[in-house]
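Enquirer: Below, each chain spelled out in residue letters.
Protein chains: 2
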Amino acid sequence: MSQSPLRLGIAGLGTVGVGVVRIVRKHAKLLEARAGRPIEIAAVSARSRDKDRGVDIAHYAWEDDPVAIARRDDVDVVVELMGGSDGPAKATVETALANGKHVVTANKALLAHHGQDLAEAAEASGAVLRFEAAVAGGIPVVKALTEGLAGNEITRVMGVMNGTCNYILTRMEATHQGYNALFEEAHKLGYLEADPQLDVGGIDAGHKLSLLAAIAFGTRVDFDAVELEGIEQIELRDIEEAAEMGYRIKLLGVAQMTGRGLEQRMSPCLLPAASPLGALEGGTNMVVIEGDMVEQIVLRGPGAGEGPTASAVMGDVIDLARGFRVATFGQPAATLAKAKPARAVVPAPYYIRMELQDKPGAMAKVAAMLGDAGVSIDRMRQHGHKEPTAPVIFVTHKCARSQVDEALERLATNPVVASAPVAIRIEEV
Amino acid sequence: MSQSPLRLGIAGLGTVGVGVVRIVRKHAKLLEARAGRPIEIAAVSARSRDKDRGVDIAHYAWEDDPVAIARRDDVDVVVELMGGSDGPAKATVETALANGKHVVTANKALLAHHGQDLAEAAEASGAVLRFEAAVAGGIPVVKALTEGLAGNEITRVMGVMNGTCNYILTRMEATHQGYNALFEEAHKLGYLEADPQLDVGGIDAGHKLSLLAAIAFGTRVDFDAVELEGIEQIELRDIEEAAEMGYRIKLLGVAQMTGRGLEQRMSPCLLPAASPLGALEGGTNMVVIEGDMVEQIVLRGPGAGEGPTASAVMGDVIDLARGFRVATFGQPAATLAKAKPARAVVPAPYYIRMELQDKPGAMAKVAAMLGDAGVSIDRMRQHGHKEPTAPVIFVTHKCARSQVDEALERLATNPVVASAPVAIRIEEV
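Sequence order for the protein chains is A and B. Counting in the numbering used here, the first sequence runs from 1 upward without gaps. Counting in the numbering used here, the second sequence runs from 1 upward without gaps.
So here's chain A without its partners, still in its complex pose (with noise of 0.2 Å):
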């Protein structure tokens, strides 16, 4: 086995980075017997260069601009941990492959938005690029599926993937606080993006999913087919009578390839409260993955932070040191399929939840738009109330989400439905 040293480049030294610099330093010795020769820093990069980050960085070249350290001849392996879909992040990526540099990221929007266009190019080039840490943090959940269930036709990827997100749910839960005193929380603790919407609107957990899917199914990331839904609906009330149904409410990803196409969702969901993924807490993510073979795999881990996501990156940049060469999505970039999109297709029941005028009739009217759009009543609940409307909930049978969104389109224009009906679907997991 060759005793040369694997040099990395680190582009990015934020959390993510400096917990790379500190792997790299700490466990010298460790990194060299597992991966067969010395991993070392060759270069870096970041926006200040004297900032204090708690690791010496004065041994390591420096850049300015991120793009010259994928042009370094001592470079082996750009770490790119920058983030950002496009900008600096996309151009040292894209010049890292195009010089025949192996990339190792974490960056799930990069990815996701260009992920077949720099598989291309990673290809071409013959280099390789390694995401493992893009997805769902410290958990190993990308080599699993690329590598130690590549025996199986997937049938469905499962995930909870945002821990911001189910760390505002589940603390509305226990602090019986509602959705806005949350996500003020989540500010303050600094757990949100500098742009919220990424976490509480679905996106950044749609990215992951969106990779999750192209491995699963041998299909071309495709991010805008993914069906988002963020958390920002999602009433105290909601969670509660959830909780007295059994469920929990979570941002619940899902990709299955199904009779009519790829379907991709991201969306808050009930499930059960006593299952791997409704009992989940706070930060923690959870991502199962169903197989013919395998049946069924669930992995649970931290879905952010230095530590964890530093481990994810150090896994690719292992493999690498070791000589291990896989295809971005598991299969050559050329091979992958397009997936024709597809809306929600397998049916569920789901909750419904509606102000009602208390007019005499009125419910009788909600269920004739119910039983118009298709939707079958299984359960309903109106709790008592003071104002002159009563919050109702229903729970439907299983039917398909275009049923459902008929029916809420006819709620939403009759008079005797007081504000926008939300529906969240149940998935017995």
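What the hints contain is simulated information worked out from the structure, not anything from laboratory work. Wrong hints could be hidden among the right ones.
[What the hints assert, rightly or not] Derived, one-sided and incomplete: chain A residues facing chain B with beta-carbon distance under 10 Å:
1. Arg22
2. Lys26
3. Val142
4. Pro276
5. Met286
6. Leu299
7. Pro302
8. Gly305
9. Met314
10. Asp319
11. Phe324
12. Gln331
13. Val345
[As the list claims (entries may be wrong)] Chain A regions said to be covered by chain B (calculated; three or more residues, Cβ under 8 Å):
14. 29-43
15. 150-161
16. 288-294
Just so we're clear, the structure is a prediction, and the values are computed from it rather than from any experiment. The beta-carbon is built from N, C-alpha and C at its ideal position, and this holds for glycine as well.
With chain A's structure known, arrange chain B on it following the hints.
Expert: Only chain B this time, still in chain A's reference frame:
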């Protein structure tokens, strides 16, 4: 990428072997897309050629002697699925490695007893020896530990890795039947190995633990150093007492490097019922990996069966087809350290059950004996009884296993104690 097929020689056509044949046939195109080359079966060997296995093996070359598979020029990878720590399995694997052929095996006993020698033999001839299917069925845990989490100093590995034991224990709780009745049930269902001690004695799970420990801590496999305790002593009342205190009893494996050496134990433990390990049902396996960077990763999936185990075998096969080479235990065999074995040094509370003579002063004597051994009592329970002896349960404060053993010795020889006392560790996972 080379388009030459990877040619398998399968030694052993039991449940798992048939599963492998099924995957290779059913997923030929999928496997070729993912592996970058066709995966074919060149030859097979089993006890009987004519047995109806539900798959057609007529197109594959047949060998009566599995060792002959390992000598065939048209075999690149020997897939050893016969089982047994010695005999034909060992001879086949040794011959394959000596001939520079890669080996994929599901044989935990073989590796637990001869792992070091086989790893050295593989390296000597440049062959690769992989064993994902030997540990925790379909869960890609060997891969996660060897590759995905290789950037971590692993601090602890825990697992419930014998589905039969977990089946018996969860069924005892669900049906309120005793150990013997459920042992019989498991036997009738075909869940038990030919030698049931392998299951209920903790040996099979101990084999698996010793393999994970070698990877985790960079040490030579040392199955003989695993403290083994089976589940035969667990009574229904233990399960019920545990349940009342919020615990469930599981056959838990723990491996951790302590200041005094490598602790490896496989024994029944009380685990919080709501914890992921405690909540595990039936034949499902779970492995928990803790590392200094990644914190905690939990992996859950089916621990046995045709599909899941064959899935694990194929994960290894696809790695080989992709050209991935990693040392058997994650680093060169010569660099694996001989760890000093340490007997359960990490202190824990213990559950102690005994039958006490219903005589004045008996309890005081027991309390004194526990105290003399350095074991202090947190809680005790004594239920109503009709016999002249009374069942008594103690929960101790944290103490060392050696102190508990000393207490048990004193108790066992004292006339106030009517039967040999049983101690079960409480693990707050």
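Enquirer: Take the hints in turn and mark each one as holding or not.
Expert: Each hint tested on the structure:
Annotation: interface hint on A:Arg22 holds; nearest CB of chain B at approximately 8 Å, less than 10 Å. A hinted interface residue such as A:Lys26 counts as satisfied when its beta carbon comes closer than 10 Å to some beta carbon of chain B; here the least separation is about 8 Å, so the hint holds. Contact between A:Val142 and chain B, as hinted, is supported at the beta carbon level, the nearest pair being about 9 Å apart and thus within 10 Å. Hint status for A:Pro276: holds, given a least beta-carbon distance of 7 Å to chain B, under 10 Å.
Nearest Cβ of chain B to the Cβ of A:Met286: about 9 Å, under the 10 Å cut. The hint holds. With its C-beta approaching chain B no nearer than about 6 Å, A:Leu299 sits inside the 10 Å limit, and its interface hint holds. Taken as an interface hint, A:Pro302 checks out: its beta carbon lies about 5 Å from the nearest beta carbon of chain B, inside 10 Å. The beta carbon of A:Gly305 comes within 8 Å of a beta carbon in chain B, closer than 10 Å, and the hint placing it at the interface holds.
Satisfaction of the interface hint for A:Met314 is found here, the shortest Cβ-Cβ separation to chain B being roughly 3 Å, below the 10 Å cut-off. Hint on A:Asp319 holds. Least Cβ distance to chain B is approximately 6 Å, under the 10 Å limit. At about 5 Å, the closest approach between the beta carbon of A:Phe324 and any beta carbon in chain B falls short of 10 Å, and the interface hint on this residue holds. For A:Gln331, the interface hint holds, the least distance from its beta-carbon to any beta-carbon of chain B being 5 Å, beneath 10 Å.
Because the smallest distance between the Cβ of A:Val345 and any Cβ of chain B comes to about 23 Å, over 10 Å, the interface hint for this residue is violated. Look at the region 29-43 of chain A against chain B: 6 of its residues bring a Cβ nearer than 8 Å to a Cβ of that chain, three or more, so the hint holds. Counting residues of the region 150-161 of chain A whose C-beta lies closer than 8 Å to any C-beta of chain B gives 4; at least three are required, and the coverage claim holds. Residues of the region 288-294 of chain A lying with their CB closer than 8 Å to a CB of chain B number 4, which satisfies the three-residue condition for coverage.
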